[in-house]
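> As a plain string of letters, each chain reads:
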Amino acid sequence: MDDSTASGPQSIGPGQALSRNLVKVLGIVASISLTFIGLTAVTFVIGRVMPADPVLAIVGDRASNEVYQQVFLQLGLDKPIYIQYLRYLSQLAEGDLGTSIMTAQPVAEDILRFFPATLELATIATLLGIFVGVPMGVLAAVQQGRWPDHIVRVVGLVGYSAPIFWLGMVALLIFYAKLDWVAGPGRLDVIYDGIVEPATGILLIDAAMAGEWEIFDNALSHLILPASILGTFALAYISRMTRSFMLDQLSQEYILTARVKGIPEWKVIWNHAFRNVLVQLITIIGLTYASLLEGSVLTETVFSWPGIGLYITSSLFNNDMNAVLGGTIVVGVCFVGINLLSDLLYRMVDPRVR
Amino acid sequence: MSAELTLRGWLLAEIPKSKLQARCQRVFISWLSFRRNPIAMVGLLIVASLVGIAAMAPWITASDGLELHLANRLHAPGSEHWFGTDELGRDIFDRIIWGSRITLYIVGLVSIIVVPIGLLVGVVAGYLGGWVDTVLMRLTDIFLAFPRLILAMALVAALGPGLENAVLAIAVTTWSPFARIARAEALTIRNSEFILAARVQGVSTTGILIRHVTPLCMSSVIVRLTLDMAGIILTAAGLGFLGLGAQPPTPEWGAMISLGRQYLIDQWWVPTVPGIAILVVSLGFNLLGDGLRDVFDPKSGT
Numbered sequence: 001m002d003d004s005t006a007s008g009p010q011s012i013g014p015g016q017a018l019s020r021n022l023v024k025v026l027g028i029v030a031s032i033s034l035t036f037i038g039l040t041a042v043t044f045v046i047g048r049v050m051p052a053d054p055v056l057a058i059v060g061d062r063a064s065n066e067v068y069q070q071v072f073l074q075l076g077l078d079k080p081i082y083i084q085y086l087r088y089l090s091q092l093a094e095g096d097l098g099t100s101i102m103t104a105q106p107v108a109e110d111i112l113r114f115f116p117a118t119l120e121l122a123t124i125a126t127l128l129g130i131f132v133g134v135p136m137g138v139l140a141a142v143q144q145g146r147w148p149d150h151i152v153r154v155v156g157l158v159g160y161s162a163p164i165f166w167l168g169m170v171a172l173l174i175f176y177a178k179l180d181w182v183a184g185p186g187r188l189d190v191i192y193d194g195i196v197e198p199a200t201g202i203l204l205i206d207a208a209m210a211g212e213w214e215i216f217d218n219a220l221s222h223l224i225l226p227a228s229i230l231g232t233f234a235l236a237y238i239s240r241m242t243r244s245f246m247l248d249q250l251s252q253e254y255i256l257t258a259r260v261k262g263i264p265e266w267k268v269i270w271n272h273a274f275r276n277v278l279v280q281l282i283t284i285i286g287l288t289y290a291s292l293l294e295g296s297v298l299t300e301t302v303f304s305w306p307g308i309g310l311y312i313t314s315s316l317f318n319n320d321m322n323a324v325l326g327g328t329i330v331v332g333v334c335f336v337g338i339n340l341l342s343d344l345l346y347r348m349v350d351p352r353v354r
Numbered sequence: 355m356s357a358e359l360t361l362r363g364w365l366l367a368e369i370p371k372s373k374l375q376a377r378c379q380r381v382f383i384s385w386l387s388f389r390r391n392p393i394a395m396v397g398l399l400i401v402a403s404l405v406g407i408a409a410m411a412p413w414i415t416a417s418d419g420l421e422l423h424l425a426n427r428l429h430a431p432g433s434e435h436w437f438g439t440d441e442l443g444r445d446i447f448d449r450i451i452w453g454s455r456i457t458l459y460i461v462g463l464v465s466i467i468v469v470p471i472g473l474l475v476g477v478v479a480g481y482l483g484g485w486v487d488t489v490l491m492r493l494t495d496i497f498l499a500f501p502r503l504i505l506a507m508a509l510v511a512a513l514g515p516g517l518e519n520a521v522l523a524i525a526v527t528t529w530s531p532f533a534r535i536a537r538a539e540a541l542t543i544r545n546s547e548f549i550l551a552a553r554v555q556g557v558s559t560t561g562i563l564i565r566h567v568t569p570l571c572m573s574s575v576i577v578r579l580t581l582d583m584a585g586i587i588l589t590a591a592g593l594g595f596l597g598l599g600a601q602p603p604t605p606e607w608g609a610m611i612s613l614g615r616q617y618l619i620d621q622w623w624v625p626t627v628p629g630i631a632i633l634v635v636s637l638g639f640n641l642l643g644d645g646l647r648d649v650f651d652p653k654s655g656t
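As they're listed, the protein sequences go chains E and P.
In terms of my numbering, the first sequence opens at residue 1 and continues consecutively.
In terms of my numbering, the second sequence opens at residue 355 and continues consecutively.
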């Protein structure tokens, strides 16, 4: 591959390219819907087939006989299993995830309330991972075999290997309990609770929009530690992949050509090699973001962060299966959706795939 | 000295004289290239120590890690209790040592379930091709697309908490990459001449799959397994931490962190030490896996 392929013009006509893209997009859509059917089949099996008595699993053992009968019919347990699954699918399609025992509210509403906190946490963590991890990876590749490279590799491996919930606890011990640099668990100090009207549900944005800068500071102080801990994983993965992509590019002949032409080294690195790496990084960042949405489960438990992870784990302890499976489906859909999105973005940006 | 020289000579001979010699040579040459990688050697050392410690547990520890000594509650680390004692007066060092057996039990059991399933699905799909391939790979893709931890959590929630159920849940979410790898290998092997030769000789499809295709998939599967070990350990510890894995008083490291959490501020060692154990072991597997990949598959290693 030479330099011109990265930004060069396409030889295929626009109409032809469009129809080829359409076929590819349709293929992706088909595989996504298959994945979705698989996901719902698994949650269906977990929720309705595996428990000895799925009704009991939903209403709890203190429910009256009438409630039991009502739920029994509501689930359609008198019908054959494939009808039950189709009913389950159509309920999901309407956004009906059942009712939570714990909060006595529809699971879908609960999740809408809890989700923004997770989104906020995972977004900031991913951004940290990108802005620290990418330069680290580039540095390691440029200095291959020397000590900056070794440091980056070790940091990456440790970030990969550390149990995230433990890392969070140690960070709380050091930065909150001992040094008192940041605020503790939760999203806000109690005195600030309920002052800002939740417009987006993302506290930083809500507080900034309301002009409540004191609350903004407090929210940020609560956010920074869990986001950094979650971001450690992102950083480890992103820096590792950046390093490997950069090494790959730097060994290409167009880099040699650029160097021979006398182009300054920083320009060779950032304008030539990194430009091509950036395209590959899109997929990696998408993967990271999706796995952080999931990875936040443990972080949220440690930091009492009221997101979807905490919702799922606290529902687990109350045997609230509707809530657990609803959360699983929502996270699963986000996971699949983000992967699809990054795949599409990659296709749009990289002319070789286009 | 001369015996070693001849052994070395035998291992490095230009032309192997027997099947056994050829096999030993391959292992030895891989070992020579592995040995040059210091990071991988550190990984090997950690993993070997883990196995050694688990095997020697009864001789290393003074207690079984389960006995309560309420008079000895929450002792700080010192000469008597190297890693201190926990909220029930149990020696944390002893519990960590016994816990290494549980860690090995988990990764061993997951591997025993996951590798045969992955190999079976992947080899059959890759070798037979056609609609079998399409169906099996769609299935694999579905499992690949799942968020693993959350699915494992939901599964354990339905099965009921416990070590075996946690292992099962992890296995359900871990087998798919192995199927992918085995399929890729089977695809490249399928059209080789030695497979054709075996087929002409009348070896059945099952025979070809088991005796000719599967052995060639093993090296990439083992590399991937080593790299996945860390993930398996971390997921198991996470499930233990959430109270879904091994139940107290089992000295599973994740469950130990979870129980020690309330003592974090004043008796930091109770939850901290098991975390270090998890970190070291999963780091060891990651380093070892990286090294193995460099040896067996130098192209993808970085």
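A couple of the hints might just be wrong.
FRET-style restraints, in silico, Cβ to Cβ [claimed, not checked]: (1) 145/E / 418/P: 44 to 52 angstroms; (2) 214/E / 406/P: 51 to 59 angstroms; (3) 553/P / 23/E: 32 to 40 angstroms.
Think of the hints as simulated: they come from the structure by calculation, not from any bench.
Every residue, glycine too, gets a C-beta built ideally from N, C-alpha and C.
> Now tell me if each hint is right for this structure.
Taking the hints in turn, this is what the structure says about them:
| no. | hint | verdict |
| --- | --- | --- |
| 1 | 145/E / 418/P: 44 to 52 angstroms | holds, 48 angstroms |
| 2 | 214/E / 406/P: 51 to 59 angstroms | holds, 56 angstroms |
| 3 | 553/P / 23/E: 32 to 40 angstroms | holds, 36 angstroms |
Comparing the model with each earlier hint shows no violations; every hint is respected.
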